[in-house]
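From first to last, the protein sequence lines are chains B and D.
Just so you know, my numbering puts 268 at position 268 of the first sequence, and the rest follows in order with no gaps.
Just so you know, my numbering puts 23 at position 23 of the second sequence, and the rest follows in order with no gaps.
Any given hint could be a false lead.
[Said to hold, decoys possible] Derived DEER-like restraints, expressed as beta-carbon distance ranges:
1) D:49 x B:365: 30 to 36 Å
2) B:294 x D:138: 51 to 57 Å
3) D:147 x B:47: 33 to 39 Å
4) D:161 x B:208: 52 to 58 Å
5) D:147 x B:287: 34 to 40 Å
6) B:46 x D:48: 45 to 51 Å
7) B:365 x D:81: 28 to 34 Å
Everything labelled a hint here was simulated from the structure, so no lab data went into it.
Bear in mind the structure is a predicted one, so any value in this text is a computation, not a measurement.
Even glycine gets a Cβ: it sits at the ideal position worked out from N, Cα and C.
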Amino acid sequence: MGLTGFEVEVQRPAESGGFVTEDMTLSMGPQHPSTHGVLRFVVRADGEVMKEAIPDIGYLHRSIEKIAEKVGWHGFIPYTDRVDYVAAMFCNHGWAMAAEKLGGIEVPKRGEYCRVIADELCRIHSHLLSVGSMAMDIGAFTPFTHAIREREYLNDLFEELCGARLTFHYMRIGGVGWDLPPGWTDKVIHFLDRFEPIVDEYDRLISYNKIYAERLVNVAVITPEEAVDFNLVGPNLRGSGVSYDVRRDDPYSIYSELEFDVPIGRGEMGTLGDCFDRYIVRMREMRESCRILRQCLRQLPDGPVIARVPRTFKPPAGDCYVRLESARGDMGWYVVSDGTAFPYRCKIRTGSFAAISMTQHVSRDLMIADLIAVIASFDLVAPEIDR
Amino acid sequence: MPLDAAGVHARLRDRFGEAIGDLAGTGRDASCSVEPARIAEVCQFLRTEPALRFDCLSNLSGVDYPKRNAIQVVYHLFSYPLRHWIVLKVDATRDDPVVPTVSDVWSAANWQEREVFDLLGVTFTGHPDLRRILMPEDWPGHPLRKDFVEPQEYHGIATSRESLLRT
Numbered sequence: 001m002g003l004t005g006f007e008v009e010v011q012r013p014a015e016s017g018g019f020v021t022e023d024m025t026l027s028m029g030p031q032h033p034s035t036h037g038v039l040r041f042v043v044r045a046d047g048e049v050m051k052e053a054i055p056d057i058g059y060l061h062r063s064i065e066k067i068a069e070k071v072g073w074h075g076f077i078p079y080t081d082r083v084d085y086v087a088a089m090f091c092n093h094g095w096a097m098a099a100e101k102l103g104g105i106e107v108p109k110r111g112e113y114c115r116v117i118a119d120e121l122c123r124i125h126s127h128l129l130s131v132g133s134m135a136m137d138i139g140a141f142t143p144f145t146h147a148i149r150e151r152e153y154l155n156d157l158f159e160e161l162c163g164a165r166l167t168f169h170y171m172r173i174g175g176v177g178w179d180l181p182p183g184w185t186d187k188v189i190h191f192l193d194r195f196e197p198i199v200d201e202y203d204r205l206i207s208y209n210k211i212y213a214e215r216l217v218n219v220a221v222i223t224p225e226e227a228v229d230f231n232l233v234g235p236n237l238r239g240s241g242v243s244y245d246v247r248r249d250d251p252y253s254i255y256s257e258l259e260f261d262v263p264i265g266r267g268e269m270g271t272l273g274d275c276f277d278r279y280i281v282r283m284r285e286m287r288e289s290c291r292i293l294r295q296c297l298r299q300l301p302d303g304p305v306i307a308r309v310p311r312t313f314k315p316p317a318g319d320c321y322v323r324l325e326s327a328r329g330d331m332g333w334y335v336v337s338d339g340t341a342f343p344y345r346c347k348i349r350t351g352s353f354a355a356i357s358m359t360q361h362v363s364r365d366l367m368i369a370d371l372i373a374v375i376a377s378f379d380l381v382a383p384e385i386d387r
Numbered sequence: 001m002p003l004d005a006a007g008v009h010a011r012l013r014d015r016f017g018e019a020i021g022d023l024a025g026t027g028r029d030a031s032c033s034v035e036p037a038r039i040a041e042v043c044q045f046l047r048t049e050p051a052l053r054f055d056c057l058s059n060l061s062g063v064d065y066p067k068r069n070a071i072q073v074v075y076h077l078f079s080y081p082l083r084h085w086i087v088l089k090v091d092a093t094r095d096d097p098v099v100p101t102v103s104d105v106w107s108a109a110n111w112q113e114r115e116v117f118d119l120l121g122v123t124f125t126g127h128p129d130l131r132r133i134l135m136p137e138d139w140p141g142h143p144l145r146k147d148f149v150e151p152q153e154y155h156g157i158a159t160s161r162e163s164l165l166r167t
């Protein structure tokens, strides 16, 4: 495919006389090590300085929303794993929440706890990849290997929980597929004991490392007003200083019973809303997730993990919109039922989609190398953008 | 002061009268229909009115209803300062769905409208950059319409194949 829709006029300032410069149009992607998946930027640059970076998406579009209309309510859960493969638990959870709301199903207490435990482990899992690959993208390779080391431990925990290491298919409409395996909670505690000091190690290794921070501070500053206007969500929104977390401000599942803080960006190294703030929010969220996990494991009630749901599930006709706090922020599911065994329409509104739509706006006058830091700080996951 | 959906609806009725339909549904999913031609005006009012301040377009989606001959565009609006919600629904005729853009009210609408244009074929008048976003530029039709038939091939690439499991 050519540069369809991106034709750029070469600008030749005729009357300036003397030195003539031309804008350069670069196609960055779709295969590029630091674009976090298959996506492309058409960069119009004057030397090293970008005038514009136009995102071109759709390379990973699989029409998951159309698939939902064909496979039935239960059958769609494995497909939701593929919406955001880095944080598949949240997509399972969102779909189950929407179906339960339409069908009026109440999830047993222990089922909700299992969900939140799985969610928070998945958040750590996703944030580790995010901060690790961010460090690698901007030139520090070692932290990535450290992050992957911890992630491997989590993969093992997930494998024991549901048999899969990446696309979990753990949650069901009405609860979760399996109860926690015997002895598993001790392994989670063991992981937390080991992991919490390691977050401090990351801070020592990269967060306040001058070379690392210099690449991030004052780069791509987003004001709180802009963030809300573009519907940025999650750590990207909180990095701009807007204190909003669906878990705290619009609680679902059992989050109203748990205690945790919502870290926000403060512009501690530079300007509020720069790449560093978005990064540091993720680091702090991992600590909060550990706190939530400890509380959940302490309070874990007994009982069934899944409600009785008919095999041919037919929720009454109607529509609903549910939101949950995924690793990439507020994820919205708009689901319409027409009373049959197949969903009528499912729209998934994801955090990465909003974030990438903003790159064109924030990339003006940045260096080309900074674009890498910007997309890493947004924590873009291409399958989640394209669905 | 956060308002409930009925409160927001009452203010919209006061200002726009018959262009606003009745409130349907309950709680978070309470919605009202809006006349297609006036949606941009209504959204601008919702965003700027001090008692409403809907500064966030949380979701913009489209649903195809061939039986009613309508494509419905659904707006989920949220206010960060006041923490209240409203859902607006706009029915465009299916043969020639045209809805004014709200991309000058919220920047988030720009790409979301492009997605609805791409997948459902709704034209948003006044949109600065209405191009396909997820499907290829030369893709025939709009996949999320209920009567969409997938073409057999795209540029010589087959779009389906025989199942290897079936003998």
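Hints breached by this structure: Structure breaks hints 3, 5, 6.
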